[in-house]
Amino acid sequence: MPETTAVAEDRDESQITGKSIRLEGVTKRYPGQSTPAVDGVTLEIPAGQVVMLVGPSGCGKTTTLKMINRLIEPTEGRIVLGDEDVTAIDGDQLRRRIGYVIQAGGLFPHMTVAQNIAIVPKMLGWDAQRIADRTTELLDLVSLDPDTYRDRYPKELSGGQQQRVGVARALAADPPVLLMDEPFGAVDPITRQRLQDELIRIQQELRKTIVIVTHDFDEAVKLGDWIVVFREGAQIVQYDTPERILAEPADEFVESFIGSGAGIKQLALQRVRDVDLKEAITARPGDDAAEVLAKVEKAGHGHVVVLDERDRPLSWPSRRALSRMATIPAEADERTPVIGSGATLNDALDEMLVSNAGAALVTGRRGAFAGVITIEEVMDAIRAVRASASDDLADAPVGTNAGSDDGTGDEVAQDG
Amino acid sequence: MAEALAEPTAADSALRPWRPLLVQVAALLAAGAALVIWLVTADLTAVERETLNPDSLLQLLGQHLWLTAVSTVIVLAIAVPLGVLLTRGPMRRAAGPVLAVANFGQAAPAVGLIVLIAAAPFLPNGFWAAIIALVLYAALPVLGNTMIGIRGVDQRLVEAGRGMGMTARAVLFRIELPLAVPVMLAGVRTALVLLVGTAALASFINGGGLGLLITTGVNLYELRVLVTGAVMTALLALLIDWVGRVVEHVARPKGM
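Sequence order for the protein chains is L and V.
Here my numbering is used: the first sequence runs in plain steps of one and ends on residue 418.
Here my numbering is used: the second sequence runs in plain steps of one and ends on residue 246.
Worth flagging that the hints you see were computed from the coordinates, not collected in a lab.
It is possible that part of the hints are untrue.
[Stated by the list, open to error] To give an idea of the chain V side of the interface with chain L (calculated C-beta under 8 angstroms), a few residues:
1. A109
2. G116
3. R146
4. L147
5. G153
6. R159
7. L169
8. P172
9. V240
10. A241
11. G245
12. M246
[Claimed, not checked] Straight-line alpha carbon distances no greater than 25 angstroms define the calculated SDA-like cross-link-like pairs of lysine to any residue that follow:
13. K300/L / H239/V
14. K300/L / A332/L
15. K267/L / D149/L
16. K157/L / V171/V
17. K21/L / Q35/L
18. K280/L / A370/L
19. K124/L / V143/V
20. K157/L / V233/V
21. K157/L / V240/V
22. K244/V / L271/L
23. K244/V / R321/L
24. K157/L / E238/V
25. K157/L / A160/V
26. K124/L / I138/V
27. K280/L / D218/L
28. K244/V / A370/L
29. K157/L / I138/V
30. K244/V / A120/L
31. K267/L / R242/V
32. K157/L / L167/V
33. K300/L / Q272/L
34. K124/L / D144/V
35. K157/L / H239/V
36. K21/L / A49/L
37. K244/V / V233/V
38. K244/V / A49/L
39. K244/V / A332/L
40. K244/V / S325/L
The beta-carbon is built from N, C-alpha and C at its ideal position, and this holds for glycine as well.
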């Protein structure tokens, strides 16, 4: 299939497919309201980066997001996508080029997973074969087995699975920009953490420009390359990297928004992939258990990692469990502590404590096993984080309120 | 039922929602058969034989169905687009007054409405007068349920559709209307049952239908004619209700 536009499996990880976004003096006034909902926001969103919009509810962050794809039309200002001014082009055409994900996925209940994903490609006039190929590829990308899930209806999926399909649907036509409005707000904490890890992994692969609205500061720290902190009227209080916002909050408002435990939150800045993973003995279902046990004993390990045909971990039996088996079973063990390589050390620690194993299996691209992380590595990393101050000064993109009355001054944020 | 027993799992769960519908149609067929047997075996007078012969019964039944069908088509052609229109943008403000008028049509006694329209000098008599009255009478459930059905669609889905670049029209036809179908069909079924029952009143203004048996029965004090007309009307209404339920069942969007 040479003409598939897809995200090739072996794409160079550093290749940016996103486009930059620039809001120039964007204002939204609603009739009958004295103060604007969004007041003269000028915001640069660099290509291929994840920018988090955070702030208290009603601060205008969602309005700002929806003005990027013009679901809400700005009263004043310009929106520039890449080098193209999109302020005046047809809104529907614009939105077909920008992925949009809402809370709980927003899947259409009367359409199957495949039909949901096919909506934008169909509007763009793709042929059936290309759409089918793309659907398979996207379901793979979001770690849902295409043959199992393609023809299911949304109500037959869990909340987390629906959200994955929502992401796949937004990526269907390979848009350069992805907008997400509180994407993980409606799922339980464990599922949320998995979905966040998944998004980090997908972003590593695709390098889109992603703008995410959230009210959860921890989520912002975990997912964002950059964080914009808003207060009422979409006043930008600080626009900086998570590291620097945690280390040097611009004022008491940001400080109070970060909440207590900024130190612990620094842990969320370290990813599992940044630490050295330990190797493990692996086995396949159907292998002779005695042989595997011998190998494990020879290596001096306590456990063996059982992988499926696509190298995804199934279970993690101990020596004792091995000695009771004749052959390695093919069933997946739900209690196996598994964590994505994009997960933070915070999450890794959580997973280890919950699973009681003091260690967790790390998976890389498409859920393939990458190594084992133990509690010792996490402790080392905590020490390292505490030692190094946040001394790397990245060049922050522009983010100000150049409001109509110009120069209220106190909310200017870059390079704080 | 034998097949269902043979394949308990899949067939059984597929059949379960149909069970009440099967019971309903079986009861209707039994009642219809009982009526026919009673008519055939009863010792009828000459007048009764004249009015209750199969040919004239079928003719009245045909007239009745024609009245119902024509008024249903007109109701659908008016109330569904109007209901959709009243959920769009600025038109939403007109929803209250329009519903009030529709409510008035429904609240007015049907018999009064029919006679009034027939008596009005500038309106037609007979069949079309009956149609106008029936349409006024049955528009409310279709109009109301169309609006309720569309308003009941999760606004986030509408936003998701718009956010993906669907036009307002595409969102209406591919998301809002399909998701509103179950509620809309329930309204149509209610309207149909109302229409079948109310069409019996058309005979007052020379509009024909099974109501003729009832008026004849009352005027000539022919109890059997009266009962036959009443029972046939009732059975027809129940049968239409059954058809409506079957359609609702089949047309319900998959995945809901």
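A quick look at each hint next to the structure:
Hint status for A109/V: violated, given a least beta-carbon distance of 48 angstroms to chain L, over 8 angstroms. Evaluation of the G116/V hint against chain L yields a violated restraint, the C-beta minimum of about 44 angstroms exceeding 8 angstroms. This hint holds: R146/V has a C-beta 5 angstroms from the nearest C-beta of chain L, less than the 8 angstroms allowed. Contact between L147/V and chain L, as hinted, is supported at the beta carbon level, the nearest pair being about 6 angstroms apart and thus within 8 angstroms.
Here the hint on G153/V is kept, as its CB sits about 4 angstroms from the closest CB of chain L, short of 8 angstroms. Given hint, R159/V at the interface with chain L, is violated; its Cβ is 10 angstroms from that chain's nearest Cβ, farther than 8 angstroms. For L169/V, the interface hint holds, the least distance from its beta-carbon to any beta-carbon of chain L being 6 angstroms, beneath 8 angstroms. For P172/V, the interface hint is violated, since its Cβ never comes within 8 angstroms of a Cβ in chain L; the closest pair sits about 10 angstroms apart.
Contact between V240/V and chain L, as hinted, is not supported at the beta carbon level, the nearest pair being about 14 angstroms apart and thus beyond 8 angstroms. Residue-level restraint check for A241/V is violated (minimum Cβ-Cβ distance to chain L is 11 angstroms; threshold 8 angstroms). A distance limit of 8 angstroms between C-beta atoms decides the matter here; for G245/V the minimum to chain L is near 3 angstroms, and the interface restraint holds. Look at M246/V: its Cβ gets to within about 6 angstroms of chain L, closer than 8 angstroms, so that hint holds up.
For the suggested pair K300/L and H239/V, the alpha carbons sit about 65 angstroms apart, so the restraint of at most 25 angstroms is broken. Distance check on the hinted pair: K300/L and A332/L sit about 24 angstroms apart at the alpha-carbon level, within 25 angstroms; holds. Our distance criterion of 25 angstroms between C-alpha atoms is broken by K267/L and D149/L, whose separation comes to about 40 angstroms. The straight-line distance between the Cα atoms of K157/L and V171/V is roughly 18 angstroms, inside the 25 angstroms bound, and the hint therefore holds.
For the hint pairing K21/L with Q35/L, the CA-to-CA distance comes to about 34 angstroms; that exceeds 25 angstroms, so the pair is violated. Of the pairs offered as hints, the one joining K280/L and A370/L holds, with about 15 angstroms between alpha carbons and a cut-off of 25 angstroms not exceeded. About 23 angstroms separates the Cα atoms of K124/L and V143/V, which keeps this hinted pair within 25 angstroms; it holds. Of the supplied pair hints, the one linking K157/L and V233/V is violated, its CA atoms being roughly 28 angstroms apart against a limit of 25 angstroms.
Taken as a hint, the K157/L and V240/V pair is honoured in the structure, with Cα atoms around 19 angstroms apart against an allowance of 25 angstroms. Taken as a hint, the K244/V and L271/L pair is broken in the structure, with Cα atoms around 44 angstroms apart against an allowance of 25 angstroms. Among the hinted pairs, K244/V with R321/L is inconsistent with the structure: their alpha-carbon atoms are about 49 angstroms apart, more than 25 angstroms. Simply put, K157/L and E238/V have alpha-carbon atoms about 20 angstroms apart, close enough for the 25 angstroms limit, and the pair holds.
Of the supplied pair hints, the one linking K157/L and A160/V holds, its CA atoms being roughly 23 angstroms apart against a limit of 25 angstroms. Between K124/L and I138/V the alpha-carbon distance is near 30 angstroms, which puts this suggested pair outside the 25 angstroms criterion. Proximity of K280/L to D218/L is assessed by CA-CA distance (about 32 angstroms); at most 25 angstroms being required, the pair is judged violated. Between K244/V and A370/L, the direct Cα distance comes to roughly 35 angstroms. Violation of the 25 angstroms bound is thereby established for this hinted pair.
A threshold of 25 angstroms between alpha carbons decides the hint, and for K157/L with I138/V the separation of about 22 angstroms falls inside it, so the pair holds. Using a Cα cut-off of 25 angstroms, the hinted pair K244/V and A120/L holds, with the two alpha carbons roughly 17 angstroms apart. Between the alpha carbons of K267/L and R242/V the distance comes to roughly 49 angstroms, so the proposed pair goes past 25 angstroms and is violated. Under the criterion of a C-alpha separation no larger than 25 angstroms, the hint pairing K157/L with L167/V is consistent with the structure, at around 19 angstroms.
Between K300/L and Q272/L, the direct Cα distance comes to roughly 33 angstroms. Violation of the 25 angstroms bound is thereby established for this hinted pair. Of the supplied pair hints, the one linking K124/L and D144/V holds, its CA atoms being roughly 23 angstroms apart against a limit of 25 angstroms. Only pairs whose Cα atoms come within 25 angstroms are accepted, and K157/L paired with H239/V is accepted, the gap being roughly 18 angstroms. With a C-alpha separation of about 5 angstroms, the suggested pair K21/L and A49/L falls inside the 25 angstroms cut-off, and the hint holds.
Note on K244/V and V233/V: the hinted pairing holds, with a Cα-Cα distance of about 20 angstroms set against a maximum of 25 angstroms. At roughly 40 angstroms between alpha-carbon atoms, K244/V and A49/L are farther apart than 25 angstroms, so this suggested pair is violated. Restraint check for K244/V and A332/L: the C-alpha separation of about 34 angstroms exceeds 25 angstroms, so the hint is violated. With a C-alpha separation of about 49 angstroms, the suggested pairing of K244/V with S325/L is violated against the 25 angstroms cut-off.
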